[in-house]
Structures are given as C-alpha cells and as structure tokens.
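Q: For reference, the chains in residue letters:
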Amino acid sequence: MVPQSWYLLLSAALFTLGVAGFAARRNSLVMFMSVELMLNAANVAFVACARAHEPVRGTVYALFVIAIAASEVAVGLALVLALFRLKRTVNADEIRELRA
Amino acid sequence: MTAVAALLLLLPLAAAAVNGLFGRIFEGKMHGKMPGVIATAAAAGCFVLSVVAFGKVVALPEEARSLALPLYTWIDLGGGAQHLAIDVGLLLDPLSVTWALVVTGVGSLIFLYSIAYMEHEEGRARYFAYLSLFLFSMLVLVLGDNLVLTFVGWEGVGLCSYLLIGFDYGKSSAADAGRKAFLVNRIGDVGFLIAMFWTWSQYGTLDHLALKVALVGVAAVPALLALGYFVGATGKSAQLPLFVWLPDAMAGPTPVSALIHAATMVTAGIYLLCRLSPLFVLAEGVLDVVAWVGALTALFSGLIALRQRDIKKVLAYSTVSQLGYMFLGCGVHAFSSAAFHVVTHAFFKALLFLGAGAVIHALHGEQDLWKMGGLKKQLPKTARAMKIGALALAGIPPLAGFFSKDEILGAAFDAGMHGHVDKFVLWGVGVVTAALTAFYSARLIALCFEGESRLAPDVHPHEAPAAMAIPLQVLAALSVVGGLGLGIEAVGWMPLHHWLAPSLAGAPEGAHPSAFLTWALLLLAAFVAVLFWRVGSAWFRGEFEAPRRLELQFPRAARALAGRFWVDEIYDRAVVRPLRGVAELCLEFDVRVVDGLYRLAASVSALLATGVRILQNGVVHAYAFWFIAGAAFFLWLATRA
Chain A
37 MVPQSWYLLL SAALFTLGVA GFAARRNSLV MFMSVELMLN AANVAFVACA RAHEPVRGTV
97 YALFVIAIAA SEVAVGLALV LALFRLKRTV NADEIRELRA
Chain B
145 MTAVAALLLL LPLAAAAVNG LFGRIFEGKM HGKMPGVIAT AAAAGCFVLS VVAFGKVVAL
205 PEEARSLALP LYTWIDLGGG AQHLAIDVGL LLDPLSVTWA LVVTGVGSLI FLYSIAYMEH
265 EEGRARYFAY LSLFLFSMLV LVLGDNLVLT FVGWEGVGLC SYLLIGFDYG KSSAADAGRK
325 AFLVNRIGDV GFLIAMFWTW SQYGTLDHLA LKVALVGVAA VPALLALGYF VGATGKSAQL
385 PLFVWLPDAM AGPTPVSALI HAATMVTAGI YLLCRLSPLF VLAEGVLDVV AWVGALTALF
445 SGLIALRQRD IKKVLAYSTV SQLGYMFLGC GVHAFSSAAF HVVTHAFFKA LLFLGAGAVI
505 HALHGEQDLW KMGGLKKQLP KTARAMKIGA LALAGIPPLA GFFSKDEILG AAFDAGMHGH
565 VDKFVLWGVG VVTAALTAFY SARLIALCFE GESRLAPDVH PHEAPAAMAI PLQVLAALSV
625 VGGLGLGIEA VGWMPLHHWL APSLAGAPEG AHPSAFLTWA LLLLAAFVAV LFWRVGSAWF
685 RGEFEAPRRL ELQFPRAARA LAGRFWVDEI YDRAVVRPLR GVAELCLEFD VRVVDGLYRL
745 AASVSALLAT GVRILQNGVV HAYAFWFIAG AAFFLWLATR A
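Sequences listed follow chains A and B, in order.
Throughout, our numbering is defined as the position within the first sequence, counted from one, plus 36.
Throughout, our numbering is defined as the position within the second sequence, counted from one, plus 144.
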C-alpha cells in the first residue's frame with residue numbers, strides 16, 4: 037500500500053504547480069486551468085486523508101469540491117468568452133480596467 | 145353570493161394579470177386581437193355577474209335590500225375602545241349594484257370597441273391590462289363595503305387613469321397630461337383622507353352601513369368633515385376649481401376618454417356624495433356649497449365648450465358641465481336624480497366619445513372640427529348614432545338626457561319653492577346651461593357631419609368596422625330609451641328612484657310642485673333645448689355668417705371663450721411657477737450644501753487613501769501575488785506555533 041505521505045506530496049506538488057501557473061502565465065484560460073489544478077490538489081489531499089482516517093467525510097468534501105469546480109468552470113469560461121468578445125484578447129495583462 | 149361578488153372582482157384582475165404578464169406573447173400571434181378578446185370576455189363576464197347580483201338584491205324585500213359580504217379582515221389593530229378593524233368586504237345594495245351595472249355594461253361595450261380601435265396600435269396588451277385593472281379598481285370603489293376600500297378603488301382608478309392618459313408615453317403632451325391628472329387628483333384625495341380620519345375619530349367606524357347607523361340621531365355633522373369628502377369628489381369628478389385635468393386627459397386613446405373620463409370614473413365623486421348622503425344632509429350648509437359649485441361648473445365649462453375646435457375637447461368640457469349638473473342635483477337633495485343623470489350620461493356620453501373615436505379613426509387622427517364637415521355622406525351610420533347621442537345630451541325629448549336633466553332642474557326649482565330663494569338662481573343657471581348644451585351639441589354635429597366638406601384632400605374616410613359599430617348601435621338604443629325606461633317624473637313613473645331610495649338620504653318633506661308646474665317646467669326645458677339646437681344647427685351648417693358676426697362684435701368675449709378663460713395660465717402663474725421657484729431654491733440648497741458636505745467627506749477619504757491606492761493597479765497578477773503572499777504568511781504563522 038502506498039503511504040499517505042506520498043499522496044500528500046503529490047497534492048503539494050500539484051498545488052505548487054497551480055500557484056506557479058497562476059502567477060506566471062498571462063493567458064487567462066491557462067490561469068483558469070491553474071486554478072482547477074489547485075482545486076484538484078485539494079481533492080487528492082481530501083481523498084488520501086479519507087482513506088487513512090475517516091472514509092465518509094473526506095470523500096464527501098471532495099465531491100463538493102468537484103461540484104463547485106464544475107459550476108465555477110461554467111461561470112468562469114463564460115466570463116472569459118464574454119471578455120474575449122469585448123476585448124478580442126484573453127491576455128490578462130492587457131485587461132486592467134479596474135485600476136484605481 | 146359571496147363567490148359571485150368575489151368573482152366579479154377577480155375576473156378583471158385576472159385579465160389584467162394575464163395581459164400584463166403574458167401580453168407580449170399574444171401580441172404577435174392571432175392578428176393581435178388576443179389581449180382585447182381576453183379583456184372583453186372578462187368585462188362581459190363581469191356584466192353577467194352584475195346582473196346576477198342585481199337579481200339577488202332585487203329579490204330581497206324592499207326595506208332590507210343590502211347584502212354585506214365580508215371576505216376577510218385586512219387590518220386589525222386589536223382591542224380597546226377605539227378598536228380599528230378594517231374588513232375587505234363587498235356591499236351589494238341598490239346604489240352599488242346600479243353603478244356596477246353601468247360600469248360593467250357600458251364598460252364591456254367600450255372594451256369591445258377598443259379591440260377594433262386599437263388593432264394597429266403598439267402596446268395593445270399593455271392597454272388592455274390597464275383597462276382591466278381600471279375595471280377592477282372601479283368595482284372595488286363601488287362595491288367596497290367601507291370607506292377605506294372605496295378609497296383603495298378611488299386611488300386605483302386614479303392610477304389607471306394616469307397610466308392610460310399617458311398611454312402614448314413617447315409624446316410629451318400625453319405624459320404631461322397624465323401627470324397633471326394625477327397631481328390635481330392628489331389635492332382632492334388629501335381632502336378625502338382627512339375627512340376619513342375625522343370620520344373615524346368622530347363616529348368610530350368607516351363601514352358604510354355602520355356609519356349610516358351611527359349617524360341616526362346625530363344632530364349635525366361638522367361642516368368641514370363633509371367638505372373634505374366634497375373636495376375629494378371635486379378632484380375626481382373635475383369640478384371647479386379642480387377641473388383642469390379632465391380636458392387635458394383627452395390625450396389618452398378615445399375609448400379611454402369614453403370609459404374613464406366620461407362614463408365611469410369621473411362619476412365616482414357623485415357616487416361618494418350619494419353613498420355619504422346620510423352624512424351630507426346633516427352637514428349645515430355643505431350641500432349648498434355642492435349645489436353652487438356644481439351649477440357654476442356647469443355654466444363655466446358649458447361656455448368654454450362653445451368655442452372649442454377639437455372634437456374631444458368639446459366633449460370633455462361638456463362632460464365637466466354635465467358632472468356639474470349631477471353635483472347640482474346632489475346639492476338640492478335630489479341624490480337619486482343625480483344618479484339617474486349619471487346613468488343616462490354614461491349612455492350618451494360614451495356614445496358621443498365612441499362616435500368621435502370612429503370619426504377620428506376614419507380621418508386618420510384628425511380631431512379639428514374645422515377640418516371635418518359633410519361627413520354624413522361617408523359615415524352615415526356613425527353620423528346617425530352620434531346625432532342621437534348629441535340630441536340626448538342636448539336634452540331633446542324624449543331622449544335619455546332630457547328626463548334626467550329636467551329632474552335635476554325640477555329639484556332645484558322645488559328647493560326654491562321651499563323658501564330657499566337662492567335655489568331659483570341655481571335653477572336659472574341650470575336652464576342657461578341647458579341652452580348652452582343644446583347649442584354646442586348642435587354645433588358639434590353640424591361642424592362634423594353637415595355642410596361642405598373641409599377635409600384635407602388626401603383623406604378618404606371609411607366607415608368603422610363591426611366591432612366599433614355594434615357598441616355605437618347599442619349605446620344609441622340605450623340613449624333613446626334610457627330616460628323613458630328609468631323615470632318620467634311628470635307621470636310618476638320613477639322605477640330607478642324607488643329602487644335607489646333605500647340607499648340614499650331622503651329629500652326633506654314638504655309640498656311638491658303641482659302637476660301643472662311640473663309640466664310647465666318640462667315644456668320649458670324642452671322648448672329651450674329644441675330652440676337652441678335649431679340655432680346651433682343653423683349657424684354652423686353653412687356659411688358661419690352669424691357666428692362670425694358675433695365674434696367681430698364681441699372680440700374679447702370670443703377670445704376669452706376660445707382661451708378657456710385662461711384658467712390654465714392663471715394656475716401656471718399662481719401655483720406652478722411659485723412652486724417651481726421653491727423647488728429651484730431647494731435644488732440649490734441640495735446641490736451646494738447637502739451634496740457639498742458629502743463631497744467633502746469623499747475627498748477627505750480619497751486623500752487618506754492615496755497611499756493604499758497604488759496597490760489597486762488593475763493587474764490580475766499583482767493581486768494574485770499579494771493573495772499568495774498573504775496566504776503563505778498566515779500559513780507560516782500557523783505552523784510556527
């Protein structure tokens with residue numbers, strides 16, 4: 037059996053990848069994917085802990101995260117699409133209307 | 145019975161809801177007639193239910209002809225001596241049922257007419273939604289069993305009137321007219337409200353039947369209390385000095401003018417006077433005020449009607465004038481005669497407005513009488529119907545208007561014989577107004593249908609479609625028999641009066657004029673009406689020689705009449721402009737002082753925030769950086785412990 041720490045390491049690696057991607061990339065679609073990566077990192081940690089300690093609660097959390105991620109994708113993609121129609125670009129650096 | 149009465153209210157409300165919510169869907173399909181058909185079906189259903197209600201009430205023994213039907217408690221403020229509880233309930237008695245029959249009967253005909261009239265208009269569904277809502281409000285006003293509910297209906301019809309006057313809201317004249325109607329009515333409503341509060345504190349009830357009981361044995365009602373209700377009535381029924389909104393209200397579609405601003409809503413003031421007649425007869429001197437205001441309004445607007453060019457304006461001023469007659473009737477204790485005139489007036493004035501609508505429709509929107517003429521060749525049916533309406537308005541026997549108007553004049557004369565000599569003056573004013581009425585009615589018909597055609601060359605009038613013609617025919621028939629059928633005082637045939645008697649305060653006891661005098665007055669009224677009809681007819685049929693000569697002889701009087709005695713201008717100088725001045729001062733204060741304070745507070749916080757503002761640079765990655773840094777910092781804090 038694979039020890040739990042491996043899973044947590046995988047989760048940490050995925051999360052770091054997501055953070056780095058979000059911080060480094062300029063394409064808002066890719067940034068969006070990075071966010072998904074972070075969410076899935078959390079899911080891996082949830083399921084791993086569920087297997088080790090308490091089977092029900094952790095799995096249910098993971099299911100919640102999946103559901104929320106799905107709806108978030110729907111809204112987020114629509115926003116990116118609308119943004120593209122308006123600006124003809126998805127480059128996050130070129131969109132800085134909200135500066136004070 | 146409760147179900148019938150409740151359905152009577154719910155039918156038009158449902159039609160309003162359906163048309164208001166789903167109207168857009170119907171408008172496209174079914175050639176756009178769907179909204180009108182729904183609303184008309186609901187209105188016709190209401191008429192049937194009103195007839196059923198009438199049957200129920202008429203079956204009761206004469207002295208017990210009132211059915212109170214409580215539906216539910218609306219407001220209950222709990223115990224104590226002054227226990228305020230207001231029910232939503234309906235009162236079916238001769239008075240309310242009579243009004244309900246007129247409103248739903250004439251209303252259904254006008255709804256039917258509207259289907260054809262509005263066929264090519266944008267926003268039909270909205271129109272019929274408002275119209276159904278009006279019918280609902282009017283029925284609440286009439287059938288409500290307490291003053292609060294009556295007031296709710298009162299405001300409801302006011303709202304619908306506003307919405308329908310401004311139906312064509314893109315035109316600023318229509319929008320302005322709607323606002324004017326609403327504001328002028330508010331002045332009257334304040335009187336109504338104050339009187340209602342006072343009634344509550346004085347007699348401890350607002351229920352119509354309970355109030356009637358509470359007033360038994362009361363020696364006198366405070367005059368100001370009754371005057372409050374009267375002020376409300378002058379607003380809604382367009383009497384001096386609050387009549388100015390009604391002529392402007394003609395900016396609404398013509399069927400609306402017929403239904404709301406001629407046949408039904410504007411008679412709400414007379415309904416209120418009749419409903420509160422037990423209260424009014426106890427208020428010292430108030431009925432004299434009512435009578436004088438009514439008579440002067442009748443004369444004043446009758447004079448203005450003489451020289452109006454717009455066909456609808458003539459009818460509008462004529463309506464104000466006829467409402468004045470009804471107030472005069474109430475003022476001389478002849479409440480049932482006033483109600484009689486309400487009924488006949490609803491027939492012939494609705495007919496005249498619908499006829500005018502048919503003419504305007506045929507001429508593609510032309511309303512100027514000087515651009516009509518000779519139309520009886522092209523529009524024979526409309527011409528015939530309108531002539532009947534005008535004859536009834538003029539009081540030519542044996543049409544409807546003759547009997548009801550004559551009764552009011554007879555009652556005024558009667559009051560004069562009882563020692564109130566000033567009532568003879570009222571009677572005189574009434575007779576003069578009757579002459580004016582006959583004259584301008586004849587002028588209207590002559591200018592519109594007789595003589596040479598003065599149409600614009602590119603206009604080719606066509607007779608109205610069936611949906612418009614049928615209501616005209618029915619109303620014309622009612623205008624012919626409405627008077628004969630409902631009451632002829634001189635021969636003692638007065639079914640409407642006997643029917644209404646239990647709901648109204650009785651006339652003071654005393655000697656009635658002899659049969660000879662009654663007949664003499666009747667003949668005099670008939671003579672005056674016929675004479676002035678002939679004069680008006682002759683003057684405006686051909687060359688307009690006589691009116692032109694008169695105009696040259698009395699140029700100032702002619703200008704005053706055409707200028708409507710400059711009432712609007714006087715109001716503008718005396719009320720509107722001073723108010724505007726005050727408003728502008730308030731605006732200055734608001735902009736400089738009030739807003740200034742806020743702007744100061746805003747600039748101070750902006751100043752304080754300059755340092756932090758650089759962070760808010762609009763770059764997503766900068767935000768992400770701070771976010772991650774913050775999260776990392778707190779994570780570090782958490783693991784350090």
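Treat the hints loosely; a few may be bogus.
Label pairs and their in silico Cβ distance ranges [unchecked claim]:
| hint | chain 1 | residue 1 | chain 2 | residue 2 | range |
| --- | --- | --- | --- | --- | --- |
| 1 | B | GLY314 | A | VAL101 | 10 to 20 angstroms |
| 2 | A | LEU122 | B | LEU165 | 28 to 38 angstroms |
| 3 | A | LEU119 | B | PHE777 | 40 to 50 angstroms |
Some chain A residues flagged as far from chain B (calculated, every beta-carbon gap over 10 angstroms) [what the hints assert, rightly or not]:
| hint | residue |
| --- | --- |
| 4 | TRP42 |
| 5 | SER47 |
| 6 | VAL55 |
| 7 | ARG62 |
| 8 | SER64 |
| 9 | MET67 |
| 10 | ASN76 |
| 11 | ALA106 |
| 12 | SER107 |
| 13 | ALA114 |
| 14 | PHE120 |
| 15 | ASP129 |
| 16 | ILE131 |
| 17 | GLU133 |
| 18 | LEU134 |
| 19 | ARG135 |
To give an idea of the chain B side of the interface with chain A (calculated C-beta under 7 angstroms), a few residues [unchecked claim]:
| hint | residue |
| --- | --- |
| 20 | GLY762 |
| 21 | VAL763 |
| 22 | ALA766 |
Simulated from the structure, these hints should not be mistaken for lab results.
Remember, predicted model here, so these are calculated numbers, not experimental data.
Glycine residues also receive a C-beta, built at the ideal position from the N, C-alpha and C atoms.
Q: With a cut-off of 7 angstroms on the beta carbons, see whether B:GLY762 makes it to chain A.
A: Status holds, d = 3 angstroms.
Q: Does A:ARG135 clear chain B by more than 10 angstroms, comparing its Cβ with all Cβ atoms of that chain?
A: violated (3 angstroms)
Q: For the hint on B:ALA766, does the least C-beta distance to chain A fall short of 7 angstroms?
A: violated (9 angstroms)
Q: Is it correct that the beta-carbon of A:ALA106 has no partner in chain B closer than or equal to 10 angstroms?
A: Correct as stated: the minimum Cβ-Cβ distance to chain B is 23 angstroms, above 10 angstroms.
Q: Is it the case that A:ASP129 keeps its Cβ farther than 10 angstroms from each residue Cβ in chain B?
A: At about 7 angstroms from chain B, A:ASP129 fails to clear the 10 angstroms cut-off, so the statement is violated.
Q: A cut-off of 10 angstroms on Cβ-Cβ distance, and A:SER107 was said to be off the interface with chain B. Does that hold?
A: Fine: 21 angstroms to the nearest Cβ keeps A:SER107 off the interface.
Q: Between A:LEU119 and B:PHE777, does the C-beta distance stay in 40 to 50 angstroms?
A: violated (31 angstroms)
Q: Is the Cβ of A:ALA114 farther than 10 angstroms from every Cβ of chain B?
A: holds (17 angstroms)
Q: Would the non-interface assignment of A:PHE120 survive a Cβ cutoff of 10 angstroms against chain B?
A: holds (15 angstroms)
Q: In terms of Cβ atoms, is chain B entirely out of 10 angstroms range of A:SER64?
A: Nearest chain B Cβ is 8 angstroms from A:SER64, so the label is violated.
Q: Just to be sure I understand the hint, the distance between the Cβ atoms of A:LEU122 and B:LEU165 should be within 28 to 38 angstroms; is that true here?
A: holds (33 angstroms)
Q: Examine each Cβ of chain B, and state whether all of them lie more than 10 angstroms from the Cβ of A:VAL55.
A: Not fine: 6 angstroms to the nearest Cβ puts A:VAL55 too close to chain B.
Hint violations for this structure: numbers 1, 3, 6, 7, 8, 9, 15, 16, 17, 18, 19 and 22, all remaining hints satisfied.
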